[in-house]
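**Student:** If you want the building blocks of each chain, they are given just below.
Number of protein chains: 2
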Amino acid sequence: MSELIEKCSIAKIAGYKLVSVDTITKNNALEAIARALEEKAEEIIKANNIDIDNAEKNGIRKAMIDRLTLTKERIKDISEGVRQVKSLSDPIGEVVKMWKRPNGLMIGQKRVPMGVIAIIYEARPNVTVDAAVLCLKTSNACILRGGSEAINSNKAIMKIIQDAAYGAGIPEGALNIIEDTSRETATQLMKMNGYIDLLIPRGGKGLIKSVVENATVPVVETAAGNCHVYVDSDADLDMALKIVLNAKTQRPSVCNAAETLLVDTAIADEFIPMVFNALKEKNVEIRADKKSKSIFSDVNDATDEDYYTEYNDYIIAVKIVDGIDEAIAHINKYNTKHSEAIVTNNYEHSQKFLNEVDAAAVYVNASTRFTDGFEFGFGAEIGISTQKMHARGPMGLESLTSIKYVVYGDGQIRE
Amino acid sequence: MSELIEKCSIAKIAGYKLVSVDTITKNNALEAIARALEEKAEEIIKANNIDIDNAEKNGIRKAMIDRLTLTKERIKDISEGVRQVKSLSDPIGEVVKMWKRPNGLMIGQKRVPMGVIAIIYEARPNVTVDAAVLCLKTSNACILRGGSEAINSNKAIMKIIQDAAYGAGIPEGALNIIEDTSRETATQLMKMNGYIDLLIPRGGKGLIKSVVENATVPVVETAAGNCHVYVDSDADLDMALKIVLNAKTQRPSVCNAAETLLVDTAIADEFIPMVFNALKEKNVEIRADKKSKSIFSDVNDATDEDYYTEYNDYIIAVKIVDGIDEAIAHINKYNTKHSEAIVTNNYEHSQKFLNEVDAAAVYVNASTRFTDGFEFGFGAEIGISTQKMHARGPMGLESLTSIKYVVYGDGQIRE
Numbered sequence: 021m022s023e024l025i026e027k028c029s030i031a032k033i034a035g036y037k038l039v040s041v042d043t044i045t046k047n048n049a050l051e052a053i054a055r056a057l058e059e060k061a062e063e064i065i066k067a068n069n070i071d072i073d074n075a076e077k078n079g080i081r082k083a084m085i086d087r088l089t090l091t092k093e094r095i096k097d098i099s100e101g102v103r104q105v106k107s108l109s110d111p112i113g114e115v116v117k118m119w120k121r122p123n124g125l126m127i128g129q130k131r132v133p134m135g136v137i138a139i140i141y142e143a144r145p146n147v148t149v150d151a152a153v154l155c156l157k158t159s160n161a162c163i164l165r166g167g168s169e170a171i172n173s174n175k176a177i178m179k180i181i182q183d184a185a186y187g188a189g190i191p192e193g194a195l196n197i198i199e200d201t202s203r204e205t206a207t208q209l210m211k212m213n214g215y216i217d218l219l220i221p222r223g224g225k226g227l228i229k230s231v232v233e234n235a236t237v238p239v240v241e242t243a244a245g246n247c248h249v250y251v252d253s254d255a256d257l258d259m260a261l262k263i264v265l266n267a268k269t270q271r272p273s274v275c276n277a278a279e280t281l282l283v284d285t286a287i288a289d290e291f292i293p294m295v296f297n298a299l300k301e302k303n304v305e306i307r308a309d310k311k312s313k314s315i316f317s318d319v320n321d322a323t324d325e326d327y328y329t330e331y332n333d334y335i336i337a338v339k340i341v342d343g344i345d346e347a348i349a350h351i352n353k354y355n356t357k358h359s360e361a362i363v364t365n366n367y368e369h370s371q372k373f374l375n376e377v378d379a380a381a382v383y384v385n386a387s388t389r390f391t392d393g394f395e396f397g398f399g400a401e402i403g404i405s406t407q408k409m410h411a412r413g414p415m416g417l418e419s420l421t422s423i424k425y426v427v428y429g430d431g432q433i434r435e
Numbered sequence: 021m022s023e024l025i026e027k028c029s030i031a032k033i034a035g036y037k038l039v040s041v042d043t044i045t046k047n048n049a050l051e052a053i054a055r056a057l058e059e060k061a062e063e064i065i066k067a068n069n070i071d072i073d074n075a076e077k078n079g080i081r082k083a084m085i086d087r088l089t090l091t092k093e094r095i096k097d098i099s100e101g102v103r104q105v106k107s108l109s110d111p112i113g114e115v116v117k118m119w120k121r122p123n124g125l126m127i128g129q130k131r132v133p134m135g136v137i138a139i140i141y142e143a144r145p146n147v148t149v150d151a152a153v154l155c156l157k158t159s160n161a162c163i164l165r166g167g168s169e170a171i172n173s174n175k176a177i178m179k180i181i182q183d184a185a186y187g188a189g190i191p192e193g194a195l196n197i198i199e200d201t202s203r204e205t206a207t208q209l210m211k212m213n214g215y216i217d218l219l220i221p222r223g224g225k226g227l228i229k230s231v232v233e234n235a236t237v238p239v240v241e242t243a244a245g246n247c248h249v250y251v252d253s254d255a256d257l258d259m260a261l262k263i264v265l266n267a268k269t270q271r272p273s274v275c276n277a278a279e280t281l282l283v284d285t286a287i288a289d290e291f292i293p294m295v296f297n298a299l300k301e302k303n304v305e306i307r308a309d310k311k312s313k314s315i316f317s318d319v320n321d322a323t324d325e326d327y328y329t330e331y332n333d334y335i336i337a338v339k340i341v342d343g344i345d346e347a348i349a350h351i352n353k354y355n356t357k358h359s360e361a362i363v364t365n366n367y368e369h370s371q372k373f374l375n376e377v378d379a380a381a382v383y384v385n386a387s388t389r390f391t392d393g394f395e396f397g398f399g400a401e402i403g404i405s406t407q408k409m410h411a412r413g414p415m416g417l418e419s420l421t422s423i424k425y426v427v428y429g430d431g432q433i434r435e
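Residue numbers (the numbering used here), protein chains in the order written: chain A, 21 to 435; chain B, 21 to 435.
Next up, chain A with everything else stripped away, as it sits in the complex (with noise of 0.2 Å):
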């Protein structure tokens, strides 16, 4: 039997008995994986060093050996994200409502785990534990299937979250890694269809391009970002400025960062030559249309190309827009239904920017970069979904739920 069905046959089987597993037990079993993580670091900096090492040969650029680094520190942080998961309340069991029918039947809709999770992910091993106790916090089995990258971080990690966990009482099964990182493979575990309940991948474009091909098992798309700020007629200018420039700057390489800058023209004398110095001083390249360049012309051109493009980077593309409609007809053109703000002071405007958006989350003065788990006060975040169907924008420990109908009844039959 290949590794894949072998590992997606027990995680089925672990999955029913997982079901039946009291948040205590799994807390503690949080409490042991949080622990022994911290217990055996020097292990998993040993196989993390191999990682490197490979990286290093082969030639990856240095962000990215940053990204797969552990250090004593950064296990410390994972473990202590652990115990924050171990904290939040288990949403296992609850009813979310009840009711009852005519006839008599009580019907109850239940949360229930979804069952075996599999998340396709890159680079960076801490993804390994923050998956694995999010699942575990939800009852659901998972399987991991990390780059080839961290295969020794992520092998050494999951060795130690296992015996952690089935010491604890965790049914053996409920937590698996794909050893085997072929492309392959990977394509083979978005079609086991029986097995898998829900697939999450976690990373660039060409991962989520693949899985939306590929995939037969249902999948929440996630997190691509090509986020605007739309600075209206009526925006106070001073809160536009630091919006915009905490929406570029605070981290660009994430995916709640804006990459478009859209300004309406009636305020666009004052506003562009303000907002383009600030992010001159910040390095930010500006590709901006012809009108912002006849305002401020020592900037670069922006192409359409331009404005569907997700930099991750100091760059912004800009655009001056004849008002509201042109912006919001521009986001929904171009965006990738991520997240959206709006600066004004016009009631107006701000409710059509909030109902005809089409994004994940629409802000009214605010930054966009505030699309985040725990931002949001979820507690813990499994990633972004950018689709509408299932779960949306900021995926907290409900994401990874069903629900399930407990009809009580006492003979009823249908007439």
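These aren't lab readings, by the way, just hints derived from the structure by calculation. One or more hints might be untrue.
The list treats identical chains as interchangeable, and a pair is accepted whether it falls inside one copy or across any two copies.
Said to hold, decoys possible - When the alpha-carbon atoms are kept at most 16 Å apart in a straight line, the in silico EDC-like pairs for lysine to aspartate or glutamate are as follows:
id, residue 1, residue 2
1, Lys353, Asp378
2, Lys179, Glu63
3, Lys130, Glu376
4, Lys66, Asp392
5, Lys175, Asp378
6, Lys106, Glu51
7, Lys211, Glu233
8, Lys37, Asp345
9, Lys372, Asp42
10, Lys106, Glu204
11, Lys37, Glu346
Every value quoted in this text rests on a predicted model; they were computed, and no experiment measured them.
Use these hints to put chain B onto chain A, whose structure you have.
**Tutor:** Just chain B, lined up with the frame of chain A:
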């Protein structure tokens, strides 16, 4: 431009406009649709006759032709169904919850349309109306693709619906039917990423399989139902008999009818003759395991294949099991996660069954036949989901919605 791309494009644009259409306008449109269907019943019947003629020429079997046939009475029923949907409360715009973060951000979870919903279905032309009005009520644009057998009926119905809806203020392009009923076009529809936010197949195994294998857009899988009734050692046998007969024979052709009966060995000597005689009286073919046959021999043999089969007919598979654990294991192995019932007066067994059986709906002391949007009190049903993602069990209006986070700030930036 192909018909498909053209209709997907106009549906997408209409989807954006539909977000801003208020409930009053939608309800007026639904009333106009109901009235138009009644007034133009002759037109529909004329088109339907062409389909029936073709079906007869093609030697389609009688039961199928009956499902295809529209009469004045059936059209009246269909338009009453439209008025029922009108009377339901509109889920769109509801803010499910809203909370305040420590930094003052107010975050609300608001119910929004999916956008564009595609539905691929077979035979029955009443689905054209059902699907169109459920999408309309939830502000979704729809793209319907019915079977070739009903294409004339479907086109006539859609024309009437469009005229009525657009005349009542619904944006043009909101309601679409694909006139090209080729398999290639259906497969292409399953891959229209960027246009289709949700695809729901309604039909037989072949259709569902094709959608699961080919679709790259988000899908909700519906409605194969291999349902079980388990009669526990502590069952009230009279109640059990009524429930088994109802679940099997009240309407055997539907997905929530029972296909397999499991009987606890402790009560088998008493219950097997009772239930077999009663089933035979209802002309149900019994396919039983050896143990059952040793009690009541005049029945057919059950194979492993039988336990996997959704008969949708007057046939039942039977197996005697050694206690609730074997019953649950059997169900979780053979079922399609649809509807499962236990008959028992044992408290512990009832809870165990509700917790451990993996299905959209689990029943204690009631017939599986209640798994239905109307019986559950949702007032409508677009299908019954047998997957765990997004929607599970009977899908009412809420399952045609997504959420969006609306965030109210006063200048918040992320530190």
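**Student:** Next, verify each hint and record whether it holds.
**Tutor:** Quick rundown of the hints versus the structure:
For a Cα distance limit of 16 Å, the shortest separation of Lys353 from Asp378 inside one copy, 10 Å, qualifies, whereas the shortest one across copies, 42 Å, does not. In this assembly of identical chains, the alpha carbons of Lys179 and Glu63 lie at most 16 Å apart only when taken from the same copy (11 Å versus 69 Å across copies). In the homo-oligomer, the alpha carbons of Lys130 and Glu376 lie at most 16 Å apart only across protomers (13 Å), although the nearest pairing inside one protomer, at 33 Å, exceeds that limit. Taking identical chains as interchangeable, the C-alpha atoms of Lys66 and Asp392 are never at most 16 Å apart, the minima being 32 Å within one chain and 56 Å between chains.
Taking identical chains as interchangeable, the C-alpha atoms of Lys175 and Asp378 are never at most 16 Å apart, the minima being 40 Å within one chain and 31 Å between chains. Proximity of Lys106 to Glu51 under the C-alpha cut-off of 16 Å is restricted to the intra-copy arrangement: shortest distance 7 Å within a copy versus 52 Å between copies. Within a single copy, Lys211 and Glu233 get their C-alpha atoms as close as 11 Å, and across copies as close as 9 Å, so both meet the 16 Å cut-off. When the C-alpha separation of Lys37 and Asp345 is checked against a cutoff of 16 Å, the pair qualifies only between copies, where the shortest distance is 12 Å, while the shortest distance within a copy is 53 Å.
Taking identical chains as interchangeable, the C-alpha atoms of Lys372 and Asp42 lie at most 16 Å apart only when they sit on different chains, with a minimum of 14 Å there against 46 Å within one chain. In the homo-oligomer, the alpha carbons of Lys106 and Glu204 never lie at most 16 Å apart, since the shortest distance is 35 Å inside one protomer and 50 Å across protomers. With identical chains, the CA atoms of Lys37 and Glu346 are at most 16 Å apart between copies only, with a shortest distance of 14 Å across copies and 54 Å within one.
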